[in-house]
Amino acid sequence: MTDTIPTTTTPVEAAPRRPIRWSMIALWLAVIAILAVLAWGLLNATAGRPEVGQAAPDFTVEFFNGYEWDARPVADLSDMRGRPVVLNFWASWCVECRYETDVLEQTWLKYRDDGVVFLGVAYADVEPNSIAYMKEFGVTFPHAPDLGTDISQDYEITGVPETFFIDKDGVIRHVQIGAVDEQLLDTIIPQMLAE
Amino acid sequence: MIADIGYLTLLTAFFCAVYAVVAAAYGARSGDDRWVRSARNALIATFPLLLLAAGLVITALLTGDFSIAYVSQVSSRGMPTYLKVTALWGGQAGSLLFWNVLLSAFTAAAMLSKWRQQKELMPYVIIVSGMTQVFFLLVSTFLEDPFTRNLVIPADGNGLNPLLRHPGMIIHPPMLYLGFVGFTIPFSFAMAALMSNQMSDNWIHTTRRWTLVAWLFLGLGLILGGRWAYDVLGWGGYWGWDPVENASFMPWLAGTAFLHSVMIQEKMRMFKMWNMFLVVLTYCLVILGTFVVRSGVISSVHAFAQSAIGPFFFGFIVIMFTFSAYWITKRRDSLRSENALASYLSREAAFLYNNFLIIAILGVVFLFTYYPILSELFTGEKGFVGPPVYERALAPLFAALVLLMGVAPLTMWYRTSIQRLGRAVLWPAVGSTAFVVVLFILGVRLWPALLGFWLVSFSAVLTILEFTKGTRARMRKGESPWTAFTTLMARNRRRYGGYWIHMGVLIMAFGIVADGIYQSETQIRLQAGESITLGDFEMRFNSVSRFPGADDLLITKADVDLFKNGKLVRTLTPQIELYQRTGQPMTIPSARSTITEDFYVILVNWEPTTADAATFRIFLNPLINWIWTGGLVFVMGTLIAAWPEREKVPVRARRPAAAVAGD
Amino acid sequence: MTKLRKKSHFRWLFLALLLALLPAAVYAQAEPITDDEVNEVAQDVYCPVCESTPLDVCPTAACADWRELIRTKLSEGQSRDEILEYFARQYGDGVLANPPRRGASLVILWILPLLLVLVGLLLFSRLLRGLRRPTAAAPPPRPKSTTGDPALDDYISRVEKEVDE
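Protein sequence lines correspond, in order, to chains A, B and C.
Residue 142 in our numbering sits at position 142 of the first sequence, and the numbers go up by one each step.
Residue 302 in our numbering sits at position 107 of the second sequence, and the numbers go up by one each step.
Residue 917 in our numbering sits at position 59 of the third sequence, and the numbers go up by one each step.
Bound-form chain A, shown alone:
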């Protein structure tokens, strides 16, 4: 079955096992390296989402004009340590967000004096449209744009609206995917305040 060419088989069997050619080693290593980097990249991309019970990733925001927190134009999440934070991701082009804006504003007014911080982050939005949206609903709680979509990437949001409830120690207590309602807010916020 096997056709043979006279020159090959016998000499090879007699000769000692030759070392592996360096170019083949390099090739295999290259592929292994590629697979390794890919695997690392895929794991890294999926491991990042902050879950309930984990520390909320810190970030810096530049507030919209007129929507500052504590009268400062720039602030970090870590500056708000010691207070419960309601971190709400939204956008002016998001239809579902319209269901929760009034609820958020009213709850903010209710708990504002207790020291709760409501922070609205506009995700992938156009500034004039964001401002117009906020004026339309007459919101007053602090708002900032998510510049470079860095914050939404850190929190790995799956869409808007999405709200993260962070307690006084900076730990995530609840993640709400979709619009929030009054009942949810009235349950979680007093809980976080009481601790």
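FYI, nobody ran anything at the bench for these hints, they're computed from the structure.
Think of the CB as a built atom: it goes at the ideal place given N, C-alpha and C, for glycine as much as any other residue.
Partner residues aside, some chain A positions facing chain C, computed with beta carbon under 7 Å:
#1 Trp93
#2 Ala124
#3 Val126
#4 Asn129
#5 Gly148
#6 Thr149
Keeping the supplied structure of chain A fixed, place chains B and C upon it in accordance with the hints.
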């Protein structure tokens, strides 16, 4: 009921495959043929079982059994019957089952047809094919079970993704899968050759047709995908360097390198280890490609984790790669090249250059495709690479490949004299230069276009000359031109099939260069009755109609008249199809096609389309139909190359022996 | 007397010219930005929220907002590069179809491929040289020439072999 039987069928098939691997391993080790036969039967048995499972899914789809989760995901009451059948590959679970059916069919066919010829290899073929089958059945049975039931039975299903409801799109996944699955057979035989230490090149000869056919299907799938993107997706182009497109393109590239490089091994007994590596690479890219295409992992990395199959696919690739590397290393002595490279101008060298270029292209596409994952790893920000970057990086590589395509057939095995080569290319080069000068006079001024046309025409002339030279040689034996031509091809299917493939690619290249550089577009809002003039063309917007279509479709259709040089040529009807349940609109283009160009119109929704006004986007695509024509020639060439001849014993030994005898 | 007249003629003429040009200047400001101009910028931006969809073909409401943003910025006189820079700052470098030449993208998309190609060429040439052992195998003897043309000879010899097979 259906779900229960279906799941049982899958489970049985899974255990059959596991048994096949174990039994074949034991049979190979002990040398007991009965175990090997038993393993073979078990593996073949997976085919009717999986066919039954697929049949049950189709039955569930046709009867609208929404208790099964998969059916409610991809089907709906209002869908036409033929779509309910094709919904089998409309979602992840179903398409993985389909993959399994194809794999078991191909494996069974390969084993049955080659059983007697390749007795020594068979136990190992069963082991390796079985391993692939075990993995995919593992995924289908335990992770993505198409027979999972719904907790709450919905009244109606979601319906098939609107993108998949068009005739062109229906055939595209099966074609790709045939290509993907087809490539697993050469891999199994290659590994079997290593494991059984049967290091003759029989495995290449045996699987040559499989490789060619798999390559054809994959290529056809890619061309159909491009055609579908052009005809249905309606963004004016046919290839977007999208991660999903690239994931199917990469195994094709590796397969092309393999098909060429294998010829060196057959003629010169060189590069055996490199060919082994290429087979393994193609296989791994197939698995990777299947995974990327189905999971959308690159554009949405969340999908990777959310569907649990991601890590499994990756793990399987690592396992098979390690397995292959082990066996290749173990048999490295048998994989020594038996000859040396005599000249940089030899045909072997030409094939090497071909491989280098293709691997370079593959590397670039791979790097750019997976760039989002890399950038997120190193910067935390997910970047993306668009078509301009691909085109800029790949153009010189493709240009070099086109040049090589024309020149390589002129080279001889062992060595070519440079004078001989120079003489052969002189007049074609002059001809191409004259052609390009004519184009320049006619108005083609951009240097990339001129260079591209020069290269493509040069290689095309050289390839045509191959046909004429061969025909003339035969005519000297007294045959008539037509007989000489057809007999030439009939007797040398591989070579001339290959030249036809090259011609097809060159025709496509012509269209690609023309359309890529000279495509023009414009977007404009027209009032009813208003016209726009573009060169010789005038397009007048007549009216808009809105009406419901099949299922929950709402169609908005615009009626426009196309005039050329004042004369009415066609009435075009671009439309927007809206599936109201999902809210997904599709812009369906309308085009007037000639050999020189396409006048291509789509309705655009920037501002709403009303009875009085509509926004149109018009593309003028020069020479775009050369791409589809070239594709047909490509397919024809592959059929010629793959057409079975009367099965003969490999005669490769004769040539060197005759040469020795002739001394 | 005549001199003065000429001067005043000239002044009036100048004023008339100015007035004639004014509407043109105003008109240029008010000329709307065409869809084509928007598309030219939009096709190099990816939708920040959709998957791998360029902005000019993306059908969602958010994308419509962004296209309007491009239109507004164009009418304000901003250049293409300025608008792309704005999008990169607002939504991250990832939205540009042509990743900017800085940071990681510089390394991964420019340096790395060039390096790989160079290293590849180096390895490849070394491989070729290593494979080239001139006296390793004797090439098969050339068949006797029957016609004067070596190229045709080759074909004839191949053709003859096919007929024999």
